[in-house]
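Quick mapping for you: the protein sequence lines, in order, are chains A and B. The first sequence runs 24 to 318 under our numbering. The second sequence runs 2 to 401 under our numbering.
If you are wondering where the hints come from, they were derived from the structure by calculation, not from laboratory data. Wrong hints could be hidden among the right ones.
[Unchecked claim] For the chain B half of the interface with chain A, some residues (derived, Cβ under 8 angstroms), not all of them:
(1) R203
(2) A204
(3) F245
Even for Gly, the Cβ is constructed at its ideal location relative to N, Cα and C.
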Amino acid sequence: MATIFGINLFALSGQLLVGLINGSFYALLSLGLAIIFGLLKIINFAQGAMYMLGAFFAWMALNYMGINYWAALIVVPIAIGIIAILIERFLVRPIANEDHLYSLLLTFGIALVLQGMFTHIYGSSGLPYQIPAELKGGTKLPFMYLPNYRAWIIVSSLIVCGSTWWVIEKTKLGAYLRAGTENPQLMQGFGINVPLITTLTFGFGVALAGFAGVLAAPVYSVSPEMGSNILIVVFAIVVIGGMGSIGGAILTGLLMGVVEGLTKFFYPEASTTVIFLFMVIVLLIKPAGLFGKEA
Amino acid sequence: MKIMKKTVLAAAMSLAAATGAQAAGVSDDVVKIGVLADMGGVYADICGPGCVTAVEMAVEDFGGTVLGKPIEIVSADDQNKPDVGSAKVRQWIEDEKVDAVNGLVASSVTGAVTKVLTDAKKIALISTSASHAFTTKACSPYNVHWTYNVAALANGTVKPMVDAGKKKWFFITADYAFGHALEGIASKVIETSGGEVVGAVRAPLGTTDFSSYVLQAQASGADVVGLANAGADFVNALKTSAEFGLTETADVAGLLVFTHNAKALDPAIAAGMKATTGFYWDMDDQTREWSARFKERHGSIPAMGQAGAYSMTMHYLNAIKAAGTDDADAVMKQMKQTKPNDFFARNAYLRNDGRMVHDMLLVSIKDAASRKSDDDIYNIEATIPGDVAFNPMLPACDFK
Numbered sequence: 024m025a026t027i028f029g030i031n032l033f034a035l036s037g038q039l040l041v042g043l044i045n046g047s048f049y050a051l052l053s054l055g056l057a058i059i060f061g062l063l064k065i066i067n068f069a070q071g072a073m074y075m076l077g078a079f080f081a082w083m084a085l086n087y088m089g090i091n092y093w094a095a096l097i098v099v100p101i102a103i104g105i106i107a108i109l110i111e112r113f114l115v116r117p118i119a120n121e122d123h124l125y126s127l128l129l130t131f132g133i134a135l136v137l138q139g140m141f142t143h144i145y146g147s148s149g150l151p152y153q154i155p156a157e158l159k160g161g162t163k164l165p166f167m168y169l170p171n172y173r174a175w176i177i178v179s180s181l182i183v184c185g186s187t188w189w190v191i192e193k194t195k196l197g198a199y200l201r202a203g204t205e206n207p208q209l210m211q212g213f214g215i216n217v218p219l220i221t222t223l224t225f226g227f228g229v230a231l232a233g234f235a236g237v238l239a240a241p242v243y244s245v246s247p248e249m250g251s252n253i254l255i256v257v258f259a260i261v262v263i264g265g266m267g268s269i270g271g272a273i274l275t276g277l278l279m280g281v282v283e284g285l286t287k288f289f290y291p292e293a294s295t296t297v298i299f300l301f302m303v304i305v306l307l308i309k310p311a312g313l314f315g316k317e318a
Numbered sequence: 002m003k004i005m006k007k008t009v010l011a012a013a014m015s016l017a018a019a020t021g022a023q024a025a026g027v028s029d030d031v032v033k034i035g036v037l038a039d040m041g042g043v044y045a046d047i048c049g050p051g052c053v054t055a056v057e058m059a060v061e062d063f064g065g066t067v068l069g070k071p072i073e074i075v076s077a078d079d080q081n082k083p084d085v086g087s088a089k090v091r092q093w094i095e096d097e098k099v100d101a102v103n104g105l106v107a108s109s110v111t112g113a114v115t116k117v118l119t120d121a122k123k124i125a126l127i128s129t130s131a132s133h134a135f136t137t138k139a140c141s142p143y144n145v146h147w148t149y150n151v152a153a154l155a156n157g158t159v160k161p162m163v164d165a166g167k168k169k170w171f172f173i174t175a176d177y178a179f180g181h182a183l184e185g186i187a188s189k190v191i192e193t194s195g196g197e198v199v200g201a202v203r204a205p206l207g208t209t210d211f212s213s214y215v216l217q218a219q220a221s222g223a224d225v226v227g228l229a230n231a232g233a234d235f236v237n238a239l240k241t242s243a244e245f246g247l248t249e250t251a252d253v254a255g256l257l258v259f260t261h262n263a264k265a266l267d268p269a270i271a272a273g274m275k276a277t278t279g280f281y282w283d284m285d286d287q288t289r290e291w292s293a294r295f296k297e298r299h300g301s302i303p304a305m306g307q308a309g310a311y312s313m314t315m316h317y318l319n320a321i322k323a324a325g326t327d328d329a330d331a332v333m334k335q336m337k338q339t340k341p342n343d344f345f346a347r348n349a350y351l352r353n354d355g356r357m358v359h360d361m362l363l364v365s366i367k368d369a370a371s372r373k374s375d376d377d378i379y380n381i382e383a384t385i386p387g388d389v390a391f392n393p394m395l396p397a398c399d400f401k
């Protein structure tokens, strides 16, 4: 096999691709967080739990109702979005005018309750969820074997992330959204229903986590712990990208996937810490994050 | 009135004398077993509340009393944290008069707890920990290690594969004490059997994405990729191996597989994989009978540590009965003198180092077509005699 300086090139280039795959996962998850924080100023610690819920709903839909993967990809995010809307309306809104810390604690509590509930009902070993038949197998590239399902993860998450960015940054709806959060009174004066926009945005941001959960179900085991494991990493990514920067969340997500993948190749023991190390360095040099605007 | 007082006093004194005489048998008038395990975390399914159920069943089957004294159970969650576990056990010993601690899952917790127990001369009944340290470098006259250990896993799974010509091995190892121990002992078995370890990669505990590690294993050109991890790590590593086609070019060997994890795997991926286990519920009528009772109470089939917890509790209570006391030294002596023999312990004996030697099973995971129910997971391929599975006793740990 081709090697340079004792490094296996096939493994390395495979690694870069794998990093990109994981990065697209991170991008999807951090995007939801960035939208919710950027537009609503809510630090949503339940995002990981909603990702877990997405995977579990996909499993339940298949096993209890016979709803297959493709349908789940649409139905589950909608269901999670509705749950999020209820949470926003009845739990988050009453404390919307308090310090950010309160929404953080509230959503953290919700996450713990959900995780505990699912551990109690389904145990901690995880549940199996098969890769849909259409995406089984893989493609042999010159340097690696690319599983079709992983390729699908890249494609679908890039489409979802890209169109979300486009809607928020380039369309009239996005402009209302941004304006509504800048100056709610003024927008209300123009006859725009700001609370409704807020609720829908929260629902959409959380639905993204649900979508990521369905995508994750076939590759990771569906377990109550899956959300809490990934949440901290995703928060670090949002911070590195710049709190609230939509494009920053997407690009940093992809970038961190690659950084983490390379660390796994060269020094695997550090792979869980490298993102946090990166976060420390970025915060020291650029406190607003890579793509954040200086306050 | 005076006479009345005297009579009462005399009666009270004779009563005290009577109970005092019996107290020589059972200290504090109760035999108390603590069950310490991870009750809600990643290892909750493999011991956790199920170990409590198993110990309760043993106490009930034994009759609820020993030497005329009640047997009580207390339980606690160690959260997989050594400090939490050892603090709890210290409190049990000081305030609650616990005589022995059962359960014990994460090897790190067990290491901390067995030290506390040894200092207090109380018995550790280790049901689910994998490390072999408790009967080697951390051996103690009060340790009983029942179900399995890493040596038995390596001897059971690795050796037959090397003998069958699978010489080149690569390890994906959980990056903590248990993973290192398992990789170390498996490597030793490979090398002494004429094989070679071509590389290893250490994945942090709780890794969800194993694709990078799988790519490195693939690039190593090994015949066998050994997964020196457990639980969700094992499940995720195997799923990723199948996705990236590793299972087609090399054998993937799970070194520690629990039935609950095997159940969580898609049979299309896991079918044919071999593993070593201390117990399988569907082995014969005896195991099926007990497992059915367990499942009725607990809701799922027993994991090996849960069956072990029952068997070990029975052996412990029988030893108290035979020794006529719950004194730890006398009970340990009795436990080592009598051979355990029940649905779990086959051809079994307890060595002086506290290692319970019994037949292990080499199993393979069934494919979807040959499964009769959700719980029908394994084919039993072979029985591995205890003396082959477990490493010999170290002279330094020969506690007579």
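Hint by hint, here is what the structure shows:
1. R203: Because about 6 angstroms separates B:R203 from the closest Cβ in chain A, which is inside the 8 angstroms limit, the hint holds.
2. A204: 6 angstroms, holds
3. F245: Cβ of B:F245 sits 6 angstroms from chain A, so the hint holds.
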